[in-house]
Amino acid sequence: MARRPCAVLGATGLVGQRLQQRLANHPWFELTAVVGSSESSGKRLSELPWRLDEERPELPDFKVIFGGDENLISQLNKQKIQFIFSALPRAIAA
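For the record, in the sequence shown the residue sitting at position 72 is 72 according to the working numbering, with numbers rising by one throughout.
Mixed in with the good hints there might be a few duds.
Result set (DSBU-like, lysine-lysine): computed pairs, CA atoms no more than 30 angstroms apart in a straight line [unchecked claim]:
id: 1; residue 1: K43; residue 2: K78
id: 2; residue 1: K80; residue 2: K43
id: 3; residue 1: K43; residue 2: K63
id: 4; residue 1: K63; residue 2: K80
id: 5; residue 1: K63; residue 2: K78
Distance ranges between label pairs, derived from CB positions [said to hold, decoys possible]:
id: 6; residue 1: K63; residue 2: H26; range: 20 to 28 angstroms
id: 7; residue 1: E58; residue 2: V15; range: 18 to 26 angstroms
id: 8; residue 1: A94; residue 2: R3; range: 25 to 33 angstroms
id: 9; residue 1: I84; residue 2: N25; range: 17 to 25 angstroms
id: 10; residue 1: R18; residue 2: R44; range: 30 to 38 angstroms
id: 11; residue 1: N71; residue 2: M1; range: 13 to 21 angstroms
id: 12; residue 1: N25; residue 2: G68; range: 28 to 36 angstroms
Honestly, the hints are just simulated from the structure, not real lab data. By construction, the Cβ of each residue, glycine as well, lies at the ideal position given by its N, Cα and C atoms.
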């Protein structure tokens, strides 16, 4: 079975980093995009602090996509994202 391309919203926070760990070697999903705030937008994952005690998973050094971009859906569609996991804070997700 081919792995399905997915993205994580809020990828730079604690929950987002935990999702990165879980998706790094997942048999069904392949993390192919990460979405974050304006503060992390345009930066590479390797440039951002890793906050978990465990080591950062081996992933491609994705560039963070700005979650507030009006073209976000188009960008994710171009990357053929099939699933989106949300790690957004409640106040933002609401």
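Task: Earlier hints that do not hold, by number - done: 10, 11
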